[in-house]
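A.B. asks: Each chain is listed here by its residues.
Protein chains: 2
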Amino acid sequence: MSKLKELGEFGFIDRIANKVAPGTGIAIGIGDDAAATTQSLGSLTLTSTDMLIEGVHFDLSFCDPFTLGRKSLAVNLSDIAAMGGRPRYFLLSMAIPEKLSVEFLDEFTNGILAMADDFDVTLIGGDTCSSKAGFVISVTVIGEQRPDRIVRRSGAKPGDLIFVSGTLGDSALGLELLRNGVKQGFAVARHLDPTPRVREGLALAADKLPTSMLDISDGLISDLEHILDCSSVGARLDLDCIPLSATFIASHKNTLKKSAELFLSGGEDYELLFTAPPENRQCVYSLFKKIGTPVSVIGEIYMSTGLTIASSKGFEYISAKKGFNHFG
Amino acid sequence: MSKLKELGEFGFIDRIANKVAPGTGIAIGIGDDAAATTQSLGSLTLTSTDMLIEGVHFDLSFCDPFTLGRKSLAVNLSDIAAMGGRPRYFLLSMAIPEKLSVEFLDEFTNGILAMADDFDVTLIGGDTCSSKAGFVISVTVIGEQRPDRIVRRSGAKPGDLIFVSGTLGDSALGLELLRNGVKQGFAVARHLDPTPRVREGLALAADKLPTSMLDISDGLISDLEHILDCSSVGARLDLDCIPLSATFIASHKNTLKKSAELFLSGGEDYELLFTAPPENRQCVYSLFKKIGTPVSVIGEIYMSTGLTIASSKGFEYISAKKGFNHFG
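Those protein sequence lines, which keep their order, are chains A and B. Following our numbering, the numbering of the first sequence begins with 260 at its first residue and continues without gaps. Following our numbering, the numbering of the second sequence begins with 260 at its first residue and continues without gaps.
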């Protein structure tokens, strides 16, 4: 096990820089005071940043460094996807405690660069320093999109349908399983290695199908509330229509109330939640079919504010969480 | 003393967003998944990020939150200044330990927004989360500059003069004083509340005077080495020409060796170190005179690699630090 101290800060930066595949549009990459990049003519610059803190966002006993690297970038790419944007570049800052070996950090950077490669984004800079507590990761993603294609949280209109990509609750179930000592499987993978819906967001934006969009990081209810607040509308959510994976259903067949908490408030799904007028429904379906990602209609936007949750079994799913209590 | 818990994450974000003065060029600011901003036609996007960790970069017993806020942005603005760029927007991430009150955080954000106001940059987004250890701050600044005006580290040419803005060593002296219980004064202020040389960097770039430039954060020797490495050249540094403040000279009149360590390797000066051909010397002087910042010639670039340090007293200033030992 090699120590970072032997490599030094600049040795470590060089080690990362040597692994970065050349990207397009980069006038100045790693190694100067700032990076200098181009953007497509007529596009706005999209920027988003997320911090991941050991003990708050991740537990090193649950995840290998490669997968942690992938997730560190994925959660940031997901924010650009939620605007319908194209992510292009990213900055990576790390505060590194002495306990982490060079091998760990190599695997971590291999993971983040593998995710970057999957979505054609390039590392252009960052910062490294020592940490007296846990491992701290901060990623900033820079993307772009034409102003007329950018999808905000504020455009939902009464009559719009509410769509969600993929399935919900898997990540929260995966975290629960990890805490119970389960190390692998579908749900655990969904928690540790989420897929940002960049392709889906870009395709939706290109066809101007959604009226509002975000990615589900805090949980369906809490994030839907953001759309409702920003758009000054209300909604009905059809509990029976929320898409669940076979793994999720099999795990929870006897505890429906607990299940509802996981898929309504569990968070970290990193699926796209968006609204679109009913006439766009078929276009949304065929767009997702082409990409190979499931998509579902889970409710409708109303003029009156507030959120009602409809279910064939009535309103029995009252969560203890704030987002959900609000409508209890 | 109010607790952040009572305010909540979104309440805290709203509290900051309400204090942000509207900036130009911002299509989408705080409150969506990503910010969307314009940039001037023909400019490249400049991005730089720095993390500040409690116990590594700052000590809460040394600094008030307002000044810490100012410095958190200043060190990032300094990186954009070092490229000759115009900073325009910034993202702020904070991992906040429970010990910090809402009042502390209000003062911190007031400080960072005051620095933003000083240099006409606007907060457009960020991330907030809890920290189980210390306070962690991560700032990303987005700026711009025309490609023909951007100043890199790699353009120094044999025969160029080496310039430095302001005075060196004050920050390191200030830190030493703080550690000895001194709470104020010129040197302490230089350490806690540095001024990023944005105006100076922009003016130099506009007139295309420098061949290479960076800001001194690690210390004069260490940062000059970056220019020499990137430009594949060597240099002679004139120890007698290094600009020192009256405060610095008064504090160190009897300990010249210790003094040299502070101004050669002390770091955190956030002054501009740049090279320019001798025929630009007068233009550099008049440009700095107009702004009201001192500037000095402290050496010359050589064709042969390596750094020699000339002094009327010979080569007596051998530091224990790596950057300096290298040439001992």
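To be clear, the hints were calculated from the coordinates, so they are not data collected in a lab. There may be inaccurate statements among the hints.
Where chains are identical, the list cannot tell them apart; a pair therefore holds if satisfied intra-copy or between any two copies.
[As the list claims (entries may be wrong)] DSS-like, lysine-lysine: derived pairs with alpha carbons at most 30 Å apart:
| no. | residue 1 | residue 2 |
| --- | --- | --- |
| 1 | Lys358 | Lys548 |
| 2 | Lys264 | Lys516 |
| 3 | Lys517 | Lys278 |
| 4 | Lys264 | Lys391 |
| 5 | Lys416 | Lys358 |
| 6 | Lys467 | Lys391 |
| 7 | Lys264 | Lys548 |
| 8 | Lys572 | Lys264 |
| 9 | Lys391 | Lys262 |
| 10 | Lys391 | Lys572 |
| 11 | Lys572 | Lys549 |
| 12 | Lys278 | Lys467 |
| 13 | Lys549 | Lys278 |
| 14 | Lys391 | Lys517 |
| 15 | Lys517 | Lys264 |
| 16 | Lys442 | Lys391 |
| 17 | Lys391 | Lys358 |
| 18 | Lys264 | Lys467 |
| 19 | Lys516 | Lys262 |
| 20 | Lys278 | Lys262 |
| 21 | Lys416 | Lys549 |
| 22 | Lys358 | Lys517 |
| 23 | Lys442 | Lys549 |
A.B. asks: Would you mind marking each hint as holding or not holding in the structure?
C.D. replies: Results for each hint:
1. Lys358 - Lys548: neither (46 Å within a copy, 50 Å between copies)
2. Lys264 - Lys516: Answer is between; shortest inter-copy Cα gap is 27 Å, intra-copy 50 Å.
3. Lys517 - Lys278: neither (44 Å within a copy, 40 Å between copies)
4. Lys264 - Lys391: Classified as both; 14 Å inside a copy, 25 Å across copies.
5. Lys416 - Lys358: Neither, since 52 Å and 43 Å both go past 30 Å.
6. Lys467 - Lys391: neither (47 Å within a copy, 42 Å between copies)
7. Lys264 - Lys548: Cα proximity of Lys264 and Lys548: none, with 50 Å in one copy and 43 Å across.
8. Lys572 - Lys264: Answer is neither; intra-copy 60 Å and inter-copy 35 Å both fail.
9. Lys391 - Lys262: both (15 Å within a copy, 25 Å between copies)
10. Lys391 - Lys572: neither (52 Å within a copy, 41 Å between copies)
11. Lys572 - Lys549: Answer is neither; intra-copy 34 Å and inter-copy 76 Å both fail.
12. Lys278 - Lys467: neither (37 Å within a copy, 33 Å between copies)
13. Lys549 - Lys278: neither (33 Å within a copy, 45 Å between copies)
14. Lys391 - Lys517: between (38 Å within a copy, 28 Å between copies)
15. Lys517 - Lys264: Answer is between; shortest inter-copy Cα gap is 26 Å, intra-copy 47 Å.
16. Lys442 - Lys391: both (29 Å within a copy, 25 Å between copies)
17. Lys391 - Lys358: both (10 Å within a copy, 17 Å between copies)
18. Lys264 - Lys467: Close neither inside one copy (51 Å) nor across copies (39 Å); limit 30 Å.
19. Lys516 - Lys262: neither (48 Å within a copy, 32 Å between copies)
20. Lys278 - Lys262: within (19 Å within a copy, 44 Å between copies)
21. Lys416 - Lys549: Classified as within; 27 Å inside a copy, 55 Å across copies.
22. Lys358 - Lys517: neither (37 Å within a copy, 33 Å between copies)
23. Lys442 - Lys549: neither (33 Å within a copy, 65 Å between copies)
Violated hints for the displayed structure, listed by number in ascending order: 1, 3, 5, 6, 7, 8, 10, 11, 12, 13, 18, 19, 22, 23.
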